[in-house]
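Q: What follows is the residue order along each chain.
There are 2 protein chains.
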Amino acid sequence: LGFLVGDSEDDTLAVLSAELDRIQKRQDEVSFNSVTIIEKDFGAGEIASMDVKDRHGFKAQAPRRKAMARARNYLLYATMKPEHSWVYWRDADIVESAPEILEDLIAHDKDVIVPNIWFHRYVEKDGKMVDVEGRFDYNSWVETDKARKLQATLAKDDILVEGYNEYYDTGRRYMTREGDYRDDKDVELPLDGIGGVNIVVKADVHKSGINFPCYAFENQAETEGFAKMAKRAKYEVVGLPNYVVWHIDTDEKPR
Amino acid sequence: LGFLVGDSEDDTLAVLSAELDRIQKRQDEVSFNSVTIIEKDFGAGEIASMDVKDRHGFKAQAPRRKAMARARNYLLYATMKPEHSWVYWRDADIVESAPEILEDLIAHDKDVIVPNIWFHRYVEKDGKMVDVEGRFDYNSWVETDKARKLQATLAKDDILVEGYNEYYDTGRRYMTREGDYRDDKDVELPLDGIGGVNIVVKADVHKSGINFPCYAFENQAETEGFAKMAKRAKYEVVGLPNYVVWHIDTDEKPR
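Protein chains in written order, with my numbering: chain A, 6 to 260; chain B, 6 to 260.
Certain hints may be false.
[Claimed, not checked] These stretches of chain A come out as covered by chain B in the derived footprint (C-beta under 8 Å, 3 or more residues):
1. 83 to 92
2. 203 to 213
3. 220 to 234
4. 237 to 249
Read the hints as simulated data drawn from the structure, not as lab findings.
Beta carbons are placed, not taken as given, at the ideal position from N, Cα and C, and that holds for glycine.
So here's chain A without its partners, still in its complex pose (with noise of 0.2 Å):
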């Protein structure tokens, strides 16, 4: 296990210690080989310390995901082993996801690979609260001509940021607006672009050098560009539809 926490004035680092100290005592086989954390500030506390209106703000993107790919890189550096076979990436706000998770995805036995994300949201509808099942990440998508044209105008450091289409519109296909968890779980969907919140990924990819840039690639940074990159390299990036991890509802406006 690795952690990194990093431009963070809440109690995190204390609330993570504390548990894993819990649970690497215990005598059951739940304790893990071993746990690294990692505390570093990237110089996003300004970025952090914004409301989740600002921090999801179109102009707060680029400097976010840069500083978010940086810290990525160092966590990974700090705690990957030559011995390693796979990096699993998994967010601290998951709220909900199989057990086996890690069973499932490694049975594609793909170079890199993301299930969909989406949150939990209740409302009420005709006097009962229904679940809207919100559609999270729309970091993953599948390249079109539109968005390839529109990157074609730009500077080669400008970086494209998902779901503003006020400033520009790509036209990708995003995974999350597809799949249902109902059905056939392991249908996959080769991606050009992948989301961050829970990605398997062959260590021999990140060992190779294929990580996350803290920098326009080919006009994206960090998960995007991960894959991008990873595509470049000739390696299989792909995503499931219908295997639906649940992330908590930041409350953002739904698309």
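Knowing the structure of chain A, use the given hints to seat chain B on it.
A: Only chain B this time, still in chain A's reference frame:
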């Protein structure tokens, strides 16, 4: 110290192990804090087994550079530790360099810095043997508009390599054609591509994810791609034209 032995059919590993064992057992201050040898093949055996003429021929260059990039990244991520501040890349075939080279290069406090790479070759001239002071490393260069225009015509998977003017001419400014070791050793030349014989890098650059692309990064791979990636991420890349490190003479025809 970290070594990678890959795609080798000679006794490199045995000789290296014996020498390291000898050095690490010394009771004076010569032994190193830690030594790691990584043994891994990258399927580049076909390239490694070519004679120097074929190996340095045009067709072998792109796969060769990609394999070397993967090897460098594997070595990096198996040996770099969180406590490291600088990473020094040094080829096995350097025959002569100043003992204080690390202090000299680190004193510049640059993100990425390389010296000039030449080789000794003695030829008879007027009855005396004279050192031609051959220019070795054409991978350290300053980008030109001509090369930028050339790149605009290339596919994203195409990889440019230097020194094959029969295929294309980048018109780049090669550091190795300049410089004089009798002049001020600290003169700096900002570079856009670098060679890999001798590189000093701030560890922060590597930890942030900047490494050796084993794919086409803006139409370059390996060390030249590394420099392009570092610059895209706004790191500073510098060469020292008057600071000469001597590479073994590979008996190639002088350019």
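Q: Run every hint past the structure and note whether it holds.
A: Comparing the hints with the structure gives:
Note: the stretch 83 to 92 of chain A has 3 residues with beta-carbon separation from chain B under 8 Å; the three-residue rule is met and the coverage holds. Given a C-beta distance limit of less than 8 Å, the hint that chain B covers the stretch 203 to 213 of chain A holds, as 3 residues qualify and 3 suffice. Beta-carbon proximity to chain B at under 8 Å applies to 5 residues in the stretch 220 to 234 of chain A; the threshold of 3 is reached and the given coverage holds. Closer than 8 Å: that is the beta-carbon criterion, and the stretch 237 to 249 of chain A has 3 residues meeting it against chain B, so the requirement of 3 holds.
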